[in-house]
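Work out the full structure: start from the sequences and follow the hints.
Number of protein chains: 2
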Amino acid sequence: MQLDDHYFMRKALVEAEAAFAMDEVPVGAVVVINQQIIARAHNLTERLKDVTAHAEMQAITSAANFLGGKYLKGCTLYVTLEPCVMCMGALYWSQLDRIVFGAFDEKRGYQSKGLQPHPKTLVTGGVMEAETRDLLQAFFQKKR
Amino acid sequence: MQLDDHYFMRKALVEAEAAFAMDEVPVGAVVVINQQIIARAHNLTERLKDVTAHAEMQAITSAANFLGGKYLKGCTLYVTLEPCVMCMGALYWSQLDRIVFGAFDEKRGYQSKGLQPHPKTLVTGGVMEAETRDLLQAFFQKKR
Chain A
1 MQLDDHYFMR KALVEAEAAF AMDEVPVGAV VVINQQIIAR AHNLTERLKD VTAHAEMQAI
61 TSAANFLGGK YLKGCTLYVT LEPCVMCMGA LYWSQLDRIV FGAFDEKRGY QSKGLQPHPK
121 TLVTGGVMEA ETRDLLQAFF QKKR
Chain B
1 MQLDDHYFMR KALVEAEAAF AMDEVPVGAV VVINQQIIAR AHNLTERLKD VTAHAEMQAI
61 TSAANFLGGK YLKGCTLYVT LEPCVMCMGA LYWSQLDRIV FGAFDEKRGY QSKGLQPHPK
121 TLVTGGVMEA ETRDLLQAFF QKKR
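These protein sequences, in sequence, are chains A and B. Just so you know, we're using my numbering here: the first sequence kicks off at 1 and counts up by one. Just so you know, we're using my numbering here: the second sequence kicks off at 1 and counts up by one.
These are computed hints drawn from the structure, not numbers from a lab. A hint or two may mislead.
Stretches of chain A that chain B covers, calculated by requiring three or more beta carbons in the stretch to come under 8 Å of a beta carbon on chain B [as the list claims (entries may be wrong)]: (1) 59 to 66; (2) 85 to 93; (3) 105 to 117.
Ranges between beta-carbon positions, derived for each pair [to be verified]: (4) Lys143/B to Val14/A: 41 to 47 Å; (5) Asn65/B to Lys143/A: 23 to 29 Å; (6) Asp23/A to Lys73/B: 29 to 35 Å; (7) Arg144/B to Ala138/A: 51 to 57 Å; (8) Ser112/A to Leu122/B: 21 to 27 Å; (9) Lys107/A to Val14/B: 38 to 44 Å; (10) Thr124/B to Gln111/A: 54 to 60 Å; (11) Phe66/A to Gly126/B: 16 to 22 Å.
For every residue, glycine included, the Cβ atom is placed at its ideal position computed from N, Cα and C.
Dropping the structure here:
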């Protein structure tokens, strides 16, 4: 059976839900190669008191550890929210094949800053957009 | 005695030289608060096989650990090369007071991508520009 973007985004959403349960901004990510998940991560900026601990950053490091090399060729990163400038910069360096994200981040997302992905990287946005956005909105409503 | 930008950039350059000795792209960084160095780091992307292991990223994490909070208010980061998109994104999130860099990176630096620092962050570029650039050039000449 060929697993699709929806399947892997659901796995990223499970990670985001784990972040929510820890009172972290609920963003989750997985890295996939050949239909296999090789990294799972969620935002940990509060727990680690570290602005660099976004889901994508941890997923990149974790996937590179798994592969034993710094380039993530052949990999797809699924993340529940459009990457920020920092994460898009890291994803650029990693030269992965694809980025698939859920909700759009019109204020903080890389697209609003005019950034482009690596020429080797294809981006698909808006996969499970409603579900990923609803979780973020629920979090920020709880915080108010 | 008031220690100046030149003094702290020299400390960042010592870090860059340590990277050079390890066959890493020679970029070094220190984070300073109240005239005290609270973090030192250099590029480790090859050793760690991790594209996120730039000097600035490690310095941000290390300084936040030292301070016990994720925001680097009151801090200045000295780095021997103009930050890339990833690092500038991380520095944006950290809301530090100042960024001082050495050599300009016209191809990969954040300025070439049209990025702006956080409104609370002052940037000074070109401090010890010749020395920091010379070390990078020596590295890339050795690699050819």
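Status of the hints after comparison with the structure:
Restraint check on the region 59 to 66 of chain A versus chain B: 4 residues with Cβ-Cβ distances below 8 Å, three needed, restraint holds. For a cut-off of 8 Å, the count of residues in the region 85 to 93 of chain A with a CB near a CB of chain B stands at 8, and the three-residue condition holds. Counting residues of the region 105 to 117 of chain A whose CB lies closer than 8 Å to any CB of chain B gives 3, so the stated coverage by that chain holds, three being the minimum. Here the CB-CB span from Lys143/B to Val14/A is close to 43 Å, well matched to the stated 41 to 47 Å.
At roughly 25 Å, the beta carbons of Asn65/B and Lys143/A sit within the given window of 23 to 29 Å. Checking the proposed 29 to 35 Å range against Asp23/A and Lys73/B shows it is violated: the Cβ atoms sit about 22 Å from each other. A hinted range of 51 to 57 Å holds for the C-beta pair Arg144/B and Ala138/A, which are about 54 Å apart. The given range of 21 to 27 Å is respected by Ser112/A and Leu122/B, whose C-beta atoms sit roughly 23 Å from each other.
Restraint check, Lys107/A to Val14/B: a C-beta distance of roughly 39 Å satisfies the suggested window 38 to 44 Å. The supplied range of 54 to 60 Å is broken by Thr124/B and Gln111/A, whose beta-carbon atoms lie about 30 Å from each other. Between Phe66/A and Gly126/B, the C-beta spacing of about 40 Å breaks the proposed range 16 to 22 Å.
When each numbered hint is compared with the structure, violations occur for hints 6, 10 and 11.
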